[in-house]
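My request is simple: use the sequences and hints to build the entire structure.
There are 2 protein chains.
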Amino acid sequence: MDVITIERKVLQKNDEIASANRALFKKNGLFTINIVSSPGSGKTSLVEKTIEHLSGKLKISVIEGDVQTDLDAKRVSNYNVPVVQIITNGACHLEANLVKDALENIELKGRDLLIIENVGNLVCPAGYDLGEDIKVAVMSVTEGDDKPLKYPALFSASQYLLINKIDLLAYTNFNMERARHNALTINPKLKIIVTSCTNGTGIKEWVESILKDKFL
Amino acid sequence: MDVITIERKVLQKNDEIASANRALFKKNGLFTINIVSSPGSGKTSLVEKTIEHLSGKLKISVIEGDVQTDLDAKRVSNYNVPVVQIITNGACHLEANLVKDALENIELKGRDLLIIENVGNLVCPAGYDLGEDIKVAVMSVTEGDDKPLKYPALFSASQYLLINKIDLLAYTNFNMERARHNALTINPKLKIIVTSCTNGTGIKEWVESILKDKFL
Chain H
508 MDVITIERKV LQKNDEIASA NRALFKKNGL FTINIVSSPG SGKTSLVEKT
558 IEHLSGKLKI SVIEGDVQTD LDAKRVSNYN VPVVQIITNG ACHLEANLVK
608 DALENIELKG RDLLIIENVG NLVCPAGYDL GEDIKVAVMS VTEGDDKPLK
658 YPALFSASQY LLINKIDLLA YTNFNMERAR HNALTINPKL KIIVTSCTNG
708 TGIKEWVESI LKDKFL
Chain Z
508 MDVITIERKV LQKNDEIASA NRALFKKNGL FTINIVSSPG SGKTSLVEKT
558 IEHLSGKLKI SVIEGDVQTD LDAKRVSNYN VPVVQIITNG ACHLEANLVK
608 DALENIELKG RDLLIIENVG NLVCPAGYDL GEDIKVAVMS VTEGDDKPLK
658 YPALFSASQY LLINKIDLLA YTNFNMERAR HNALTINPKL KIIVTSCTNG
708 TGIKEWVESI LKDKFL
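Chains H and Z supply the protein sequences, listed in that same order.
Basically our numbering = 1-based index in the first sequence + 507.
Basically our numbering = 1-based index in the second sequence + 507.
FYI, nobody ran anything at the bench for these hints, they're computed from the structure.
Do not rely on the hints blindly, as some may be mistaken.
The list treats identical chains as interchangeable, and a pair is accepted whether it falls inside one copy or across any two copies.
[Stated by the list, open to error] SDA-like cross-link-like pairs, simulated, lysine to any residue; straight-line CA separation at most 25 angstroms:
1. Lys711 <-> Ser526
2. Lys607 <-> Ser584
3. Lys534 <-> Val588
4. Lys581 <-> Asn680
5. Lys581 <-> Asn682
6. Lys566 <-> Gly709
7. Lys581 <-> Leu656
8. Lys520 <-> Ala598
9. Lys520 <-> Asn596
10. Lys721 <-> Asn612
11. Lys607 <-> Glu555
12. Lys616 <-> Ala525
13. Lys581 <-> Glu684
14. Lys581 <-> Arg685
15. Lys581 <-> Asn689
16. Lys533 <-> Asp619
17. Lys581 <-> Thr679
18. Lys711 <-> Arg687
19. Lys581 <-> Ala660
20. Lys711 <-> Val588
21. Lys520 <-> Arg618
22. Lys581 <-> Asp653
23. Lys711 <-> Glu555
24. Lys516 <-> Ile673
The model shown is predicted, which means the values in this text are computed figures rather than measured ones.
Right, here's the structure in full:
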């Protein structure tokens, strides 16, 4: 019972810090996205494509979350945007206080969009608000169409679902209709966009949705 | 500091129960495999292929771990083996006590091989011994060759790495040499087998390794 009590305290503390983060983002006019998926679903590639398409319109900063290595931050820094790497040292998700600490190392004034790439994990990040405006779940077609049913918490907490790696669809037994049905069963309000960072499918629709969310 | 102390106690308790599970497996002559990967790397398909190839030689039982649903247990039960589904209700990994409870609902006497399919998660299951003889990490080529570096704990704790979905290699930028190098950098003793449940690559090598591990 002790563990549960402390877990609740941890979540409550997390929510308080997330609220403070959110207020700071709002004060600076910063729209913030928290991207969550399994390892290898293509989060970093989606971050790269988002920067490519929006960096002429918006000033973008990035926070990368990883258990180990700064490989992703190095990839993203090639796009000439400010990027901070959080290495969790084994922890399986980002928490609001880690983001708060990262914010001390990144310019907020005059920035428009903050992209936070969470640790690759379809389970634990779902429960931790970071102060973001929207949570974006990513699943790739190679993972199978049953994932929303098997990992409902993330799909339930997200505003967007990007169904990624659609260029590989023909080589899998992924059923798009069933995937959509499964996702919308868990969360009927989920905005679903089908994407590929390899052939560019859906990237325009995705970045235009972000622009609308920020400015409309 | 409280959380860390309790986390240590949780792990210590887990290790005690895992040792008891291990003694029970040994007493019953049961060889036990704990399969861990990201969601959608093909664990369940590998379990199915393993049963197909070994059910004539070994009496197999299966424990399925999932956050939600009994979809995997239903799939595996088509292969006429005893299967128990553990639904963790949000918890991101199996623990030894969950396996202990499952063992009360599955025949151990006269069985040869117990396959435990863990929750889809590349981070948290790494730290929890279930009492298994071997831990098997699975990564699919669609996930990228950097995964051993980014999620080292699992690769470090495993005896096997199955690099799965090799049939999709041509459609990805996965570099096999780099993947092997990354994995062996983390764990030089890792036995790496390249597999595909779609075209059958490596399945024979995998099941023969299991037979050797059990009987040699």
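Tested hints:
1. Lys711 <-> Ser526: Classified as neither: same-chain Cα gap 31 angstroms, cross-chain 54 angstroms, threshold 25 angstroms.
2. Lys607 <-> Ser584: within (20 angstroms within a copy, 47 angstroms between copies)
3. Lys534 <-> Val588: For Lys534 and Val588, the Cα distance is within 25 angstroms only inside one copy (21 angstroms; across copies 59 angstroms).
4. Lys581 <-> Asn680: between (34 angstroms within a copy, 18 angstroms between copies)
5. Lys581 <-> Asn682: Between. Shortest inter-copy distance 19 angstroms satisfies the 25 angstroms Cα cut-off; intra-copy 35 angstroms does not.
6. Lys566 <-> Gly709: Intra 22 angstroms, inter 48 angstroms, cutoff 25 angstroms: intra-copy only.
7. Lys581 <-> Leu656: between (34 angstroms within a copy, 14 angstroms between copies)
8. Lys520 <-> Ala598: both (17 angstroms within a copy, 20 angstroms between copies)
9. Lys520 <-> Asn596: Cα proximity of Lys520 and Asn596: in one copy and across copies (21 angstroms, 23 angstroms).
10. Lys721 <-> Asn612: within (24 angstroms within a copy, 53 angstroms between copies)
11. Lys607 <-> Glu555: within (23 angstroms within a copy, 45 angstroms between copies)
12. Lys616 <-> Ala525: within (19 angstroms within a copy, 52 angstroms between copies)
13. Lys581 <-> Glu684: between (37 angstroms within a copy, 21 angstroms between copies)
14. Lys581 <-> Arg685: Classified as between; 18 angstroms across copies, 37 angstroms inside a copy.
15. Lys581 <-> Asn689: between (35 angstroms within a copy, 17 angstroms between copies)
16. Lys533 <-> Asp619: within (10 angstroms within a copy, 60 angstroms between copies)
17. Lys581 <-> Thr679: between (31 angstroms within a copy, 21 angstroms between copies)
18. Lys711 <-> Arg687: within (20 angstroms within a copy, 36 angstroms between copies)
19. Lys581 <-> Ala660: between (30 angstroms within a copy, 22 angstroms between copies)
20. Lys711 <-> Val588: within (20 angstroms within a copy, 48 angstroms between copies)
21. Lys520 <-> Arg618: neither (27 angstroms within a copy, 48 angstroms between copies)
22. Lys581 <-> Asp653: So Lys581 and Asp653 pass the 25 angstroms test across copies only (13 angstroms; inside, 33 angstroms).
23. Lys711 <-> Glu555: Within one copy only: 13 angstroms inside, 40 angstroms across.
24. Lys516 <-> Ile673: Answer is neither: 41 angstroms inside a copy and 44 angstroms across each miss the 25 angstroms cutoff.
The structure is inconsistent with the numbered hints 1, 21, 24, although it conforms to all the rest.
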